[in-house]
Amino acid sequence: MTSSVKVLSFWRSPFGVRVLIALKEKGVEYEYIEEQDLLETKSKLLLESNPVHKKVPVLIHNGKPVCESLIILQYIDETWPSHDNNGFLPPDPYERAVVRFWADYADKKIFEAIRLILKNAEGELVEQGKKIMKESMATLDKALKDVARDGPYFGGKNINLVDITLASYLCWIETLETLGNFKSLEESTCPHLCEWAKVVVQHPSVKEGLATIPAQKVLESARELRKKYFGILE
Amino acid sequence: MRAEVALVLKGVDYEKVPQDLSNKSELLLNSNPVYRKVPVLLHNGKAVCESGIIVEYVDEAWPSADGDNLLPADAYGRAMARFWADFVDKKVFDALLGTLKASKGTEEEKAAAEENAVAVMSTLEEALMKGKGGEGPFFGGARMGLVDVMLVPLLVWLPAFEELAQLSLPWANKLPRLEAWFAASKAHPSTAVLPEPPKVSEFAIKVFLPRFAN
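For the protein sequence lines, the chains are W and Y, in the order given.
Each residue of the first sequence is one higher than the one before, counting from 1 in the UniProt record's numbering.
Each residue of the second sequence is one higher than the one before, counting from 1 in the UniProt record's numbering.
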């Protein structure tokens, strides 16, 4: 019996692109539905499938919605299990806790930085955002260095929850650095993470997923958002 | 509180190491260098941080003999449990803290904060009616599950918020299942480890209210 998998998302969302990467990694076919106007009118489908938060992405599997990107990723991992312990989460409970911790950390920090830098032209809030980016990239660099792995990814030879979560932010990290005119993911402070970034973007599922959220398009869109909603002219 | 209740539910013996958050110990700084916060679970010397992550770890490290764990076995059930656990973690306490903050503000701010708190609690009430909660009294059904453990601090915090923010929730009218949840959770042996509400009120007065002072 073929199952029906739909992804309701918005092209620019790092939370959405990670769902696409995850489904591609599992070889699951899906129908992509773009939420047309994220910030203005929300579609009927979105309001029905995510009445609590009214946010994308939403995974709709055989008619049943799953919301919140990290929850979706774990659902995908459990519903379409990989062989030989090559899932998004390792089998050991402690290692799972570590993976969850870093995915959660990436989301807490990078999303906050996006919020601060995107919504402000300059000043204290932007500087705060830059500081968060620099510190979190350095912290993640150390985390990558410290984790025992048998390959280039956080997950070793295969991408795991942290790889997918972080990779989904790469275009946004580039955008933030351009908007704020600063560097956070750089060789001098994050040698391991930079090496990781070069390799992860070549991973087939990641490459396909990230092709839907090209950096230049994100930057242009970010500039439009700043102009339209926050009155910031570059 | 969540970590302790999870351990008690699993019948795991533990040692509680109280922390002075105004003077953080080396143990805390070494085991949670990223956030420097409690709770931290140390299991055979290895540190697990962030309460939601700790509860899932406890569930996985000590699977229940009868197969009835804090999270259900099916992927969709797990996604639902995680969703509501996340809602509790991100929305519920914030909304209630908002009423405390607004208690120092204008009448308009107070009304808005209370409306928000009622809306959030009503959403929880609806969640209780669906899924396993439909069987009640817990979100996990007849037994406590992930969502129940994540919500458990409310047992001691809500009286503090009600008192300090003069928050009045429409229990009988709109939140009957939540009211039943409170009664069942308070009576549950695992929650005997929670601090007494007056102690929590004292903490709220000492730590939170000054933060909200103008």
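Note that these hints are calculated values from the structure, not bench results.
Model, not experiment: these values are computed from the prediction.
One or more of the hints may lead you astray.
Stated by the list, open to error - Below are the SDA-like pairs computed for lysine to any residue, each with C-alpha atoms no more than 25 Å apart in a straight line: (1) Lys37/Y to Glu31/W; (2) Lys54/W to Glu125/Y; (3) Lys46/Y to Asp146/W; (4) Lys6/W to Val34/Y; (5) Lys109/W to Glu125/Y; (6) Lys145/W to Leu42/Y; (7) Lys24/W to Tyr76/Y; (8) Lys131/W to Val34/Y; (9) Lys108/W to Phe208/Y; (10) Lys108/W to Asn116/Y; (11) Lys64/W to Phe208/Y; (12) Lys108/W to Val193/Y; (13) Lys91/Y to Pro65/W; (14) Lys109/W to Tyr76/Y; (15) Lys46/Y to Lys6/W.
Quick rundown of the hints versus the structure:
no.: 1; hint: Lys37/Y to Glu31/W; result: violated, 42 Å
no.: 2; hint: Lys54/W to Glu125/Y; result: holds, 18 Å
no.: 3; hint: Lys46/Y to Asp146/W; result: holds, 14 Å
no.: 4; hint: Lys6/W to Val34/Y; result: violated, 37 Å
no.: 5; hint: Lys109/W to Glu125/Y; result: violated, 31 Å
no.: 6; hint: Lys145/W to Leu42/Y; result: holds, 22 Å
no.: 7; hint: Lys24/W to Tyr76/Y; result: holds, 20 Å
no.: 8; hint: Lys131/W to Val34/Y; result: holds, 15 Å
no.: 9; hint: Lys108/W to Phe208/Y; result: holds, 22 Å
no.: 10; hint: Lys108/W to Asn116/Y; result: holds, 23 Å
no.: 11; hint: Lys64/W to Phe208/Y; result: violated, 40 Å
no.: 12; hint: Lys108/W to Val193/Y; result: violated, 30 Å
no.: 13; hint: Lys91/Y to Pro65/W; result: holds, 20 Å
no.: 14; hint: Lys109/W to Tyr76/Y; result: violated, 28 Å
no.: 15; hint: Lys46/Y to Lys6/W; result: violated, 39 Å
In this structure, the earlier hints numbered 1, 4, 5, 11, 12, 14, 15 are contradicted, and the remaining ones agree with it.
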